[in-house]
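K.L.:
Assemble chain G onto chain B, guided by the hints.
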Amino acid sequence: MKIKLDTSGLRQSRWYEYLARILFGGTVTALAGLIAKRFGPEIGGLFLAFPAIFPATATLIEKHEQQKHEKQKKERAGDSGTKRGSAAAGVDAAGAAMGSIGLAAFALVVWLRLPASGMSIVLIGATLAWFVTSASVWEFRETLWRRARRCRFNASNRPPHDGVHHHAVDPERSTNRRSHE
Amino acid sequence: MRAMVGGLVVSAFALLGDLLKPKSFAGLFGAAPSVALATIVLTVMKEGKGYVGIEARSMVLGSLAFFLYASVVSRLLIRRKLPVLPVTSTAIALWLVCALGLWYTMQRVAG
Chain B
1 MKIKLDTSGL RQSRWYEYLA RILFGGTVTA LAGLIAKRFG PEIGGLFLAF
51 PAIFPATATL IEKHEQQKHE KQKKERAGDS GTKRGSAAAG VDAAGAAMGS
101 IGLAAFALVV WLRLPASGMS IVLIGATLAW FVTSASVWEF RETLWRRARR
151 CRFNASNRPP HDGVHHHAVD PERSTNRRSH E
Chain G
1 MRAMVGGLVV SAFALLGDLL KPKSFAGLFG AAPSVALATI VLTVMKEGKG
51 YVGIEARSMV LGSLAFFLYA SVVSRLLIRR KLPVLPVTST AIALWLVCAL
101 GLWYTMQRVA G
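Going down the list, the sequences are from chains B and G.
Number 83 in our numbering belongs to position 83 of the first sequence; there are no gaps in the numbering.
Number 26 in our numbering belongs to position 26 of the second sequence; there are no gaps in the numbering.
Bound-form chain B, shown alone (with noise of 0.2 Å):
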């Protein structure tokens, strides 16, 4: 799947949603210093990857996708808006999933570099090791659900005896497809 900058999504969002994310982010680093300070750095560094922000961030997902589901006016029986908002926040929390692992990669660049190399290398290094191993894993499930679904495709077009095709979805355009988007 081809990744796009697509603005629509700013014009979604509202200033007090934006306000709301600084407050909660401004809370979050806060409370990590404080929890290290009463608690030692060991209990205060599990803080530096709490999901404080992500229910936060979830809810706007969820709230943007009703929206947009009631504009279009496609609300068709046993698919409300709310399921679609759920599914939706659902796919974002996958791919948080996948972002947790390259968070493990920057901890473990800081925690075995920072000792002995300059901070700001050690930052924009640790960074990059995030943003690759989030992006490498995310590449490894698409490439394995896109041959999962051409194995399925393939399954379901497989000529009877008869040999007439039955089935014949494309599968790029199977409704499945829109909540894994």
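Please note that a few of the clues may not be correct.
[Claimed, not checked] Some, not all, of what chain G presents toward chain B, calculated at C-beta under 7 Å:
| id | residue |
| --- | --- |
| 1 | Ser11 |
| 2 | Ala38 |
| 3 | Lys46 |
| 4 | Met59 |
| 5 | Phe67 |
| 6 | Ser71 |
| 7 | Thr88 |
| 8 | Thr90 |
| 9 | Leu94 |
| 10 | Val97 |
| 11 | Val109 |
[What the hints assert, rightly or not] Below, computed lysine-lysine pairings styled on DSSO-like, alpha-carbon distance capped at 30 Å:
| id | chain 1 | residue 1 | chain 2 | residue 2 |
| --- | --- | --- | --- | --- |
| 12 | B | Lys37 | G | Lys49 |
| 13 | B | Lys83 | G | Lys49 |
| 14 | B | Lys68 | G | Lys49 |
| 15 | B | Lys63 | G | Lys81 |
| 16 | G | Lys21 | B | Lys68 |
| 17 | G | Lys49 | B | Lys2 |
| 18 | G | Lys81 | B | Lys4 |
| 19 | B | Lys83 | G | Lys21 |
| 20 | B | Lys63 | G | Lys21 |
| 21 | B | Lys83 | B | Lys37 |
Keep in mind the hints are simulated off the structure, nothing from the lab.
Idealized CB from N, CA, C, for every residue including glycine.
P.N.:
The following block gives chain G in isolation, referenced to the frame of chain B:
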């Protein structure tokens, strides 16, 4: 100062996530090292590199807990179609238990 820098860095990564498609790729930015980036610079200046090294070692465990958290949340939202806020908020307890459990286990293993 810490809160202000943290808020801006977290928002910058969240904004990047808003701009990218598909959603699964944008989701990577939900686990960006934003809090860590904001914290590490200030902590190194105040406490030194050794202190941050210890924090980073624990952060590896926090990341593993984040992986479990995000995987469980993703499954509940996609398969069960449960409402987002209760699921993502309640599952924070799972992150906490997992992170502290891993930390405790590492302490016991290391002796």
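K.L.:
Now tell me, hint by hint, if it's right for this structure.
P.N.:
The hints, checked one at a time:
For serine 11 of chain G, the interface hint holds, since its Cβ comes within 7 Å of a Cβ in chain B; the closest pair sits about 5 Å apart. Hint status for alanine 38 of chain G relative to chain B: holds, with the closest Cβ pair at about 5 Å, below 7 Å. Interface hint status for lysine 46 of chain G: violated, as the beta-carbon distance to the closest one in chain B is roughly 9 Å, over 7 Å. At a threshold of 7 Å, the smallest CB-CB gap from methionine 59 of chain G to chain B is about 4 Å, leaving the interface hint in force.
With 7 Å as the threshold, the beta carbon of phenylalanine 67 of chain G comes within range of chain B, its nearest partner Cβ sitting at about 4 Å, so the hint holds. A distance limit of 7 Å between C-beta atoms decides the matter here; for serine 71 of chain G the minimum to chain B is near 5 Å, and the interface restraint holds. The criterion of a C-beta within 7 Å of any C-beta in chain B is met by threonine 88 of chain G, whose closest approach is roughly 4 Å, and the hint holds. A cut of 7 Å between beta carbons decides the hint on threonine 90 of chain G: the least distance to chain B is about 9 Å, and the hint is violated.
Residue-level restraint check for leucine 94 of chain G is violated (minimum Cβ-Cβ distance to chain B is 10 Å; threshold 7 Å). Against a cut-off of 7 Å between C-beta atoms, the interface hint on valine 97 of chain G is violated, since the closest Cβ of chain B lies about 12 Å away. The beta carbon of valine 109 of chain G comes no nearer than 14 Å to any beta carbon in chain B, farther than 7 Å, and the hint placing it at the interface is violated. Of the pairs offered as hints, the one joining lysine 37 of chain B and lysine 49 of chain G holds, with about 15 Å between alpha carbons and a cut-off of 30 Å not exceeded.
For the suggested pair lysine 83 of chain B and lysine 49 of chain G, the alpha carbons sit about 47 Å apart, so the restraint of at most 30 Å is broken. A distance of roughly 47 Å separates the Cα atoms of lysine 68 of chain B and lysine 49 of chain G; the hinted pair therefore is violated under the 30 Å criterion. Distance hint between lysine 63 of chain B and lysine 81 of chain G is fulfilled; the C-alpha atoms sit about 14 Å from each other, no more than 30 Å. For the hint linking lysine 21 of chain G to lysine 68 of chain B, the alpha-carbon distance of about 16 Å falls within 30 Å, and the restraint holds.
For the hint pairing lysine 49 of chain G with lysine 2 of chain B, the CA-to-CA distance comes to about 40 Å; that exceeds 30 Å, so the pair is violated. This hinted pair checks out: lysine 81 of chain G and lysine 4 of chain B have alpha carbons roughly 27 Å apart, not beyond 30 Å. For the hint pairing lysine 83 of chain B with lysine 21 of chain G, the CA-to-CA distance comes to about 20 Å; that is within 30 Å, so the pair holds. Pair hint lysine 63 of chain B plus lysine 21 of chain G holds up; C-alpha atoms about 17 Å apart against a cutoff of 30 Å.
Note on lysine 83 of chain B and lysine 37 of chain B: the hinted pairing is violated, with a Cα-Cα distance of about 42 Å set against a maximum of 30 Å.
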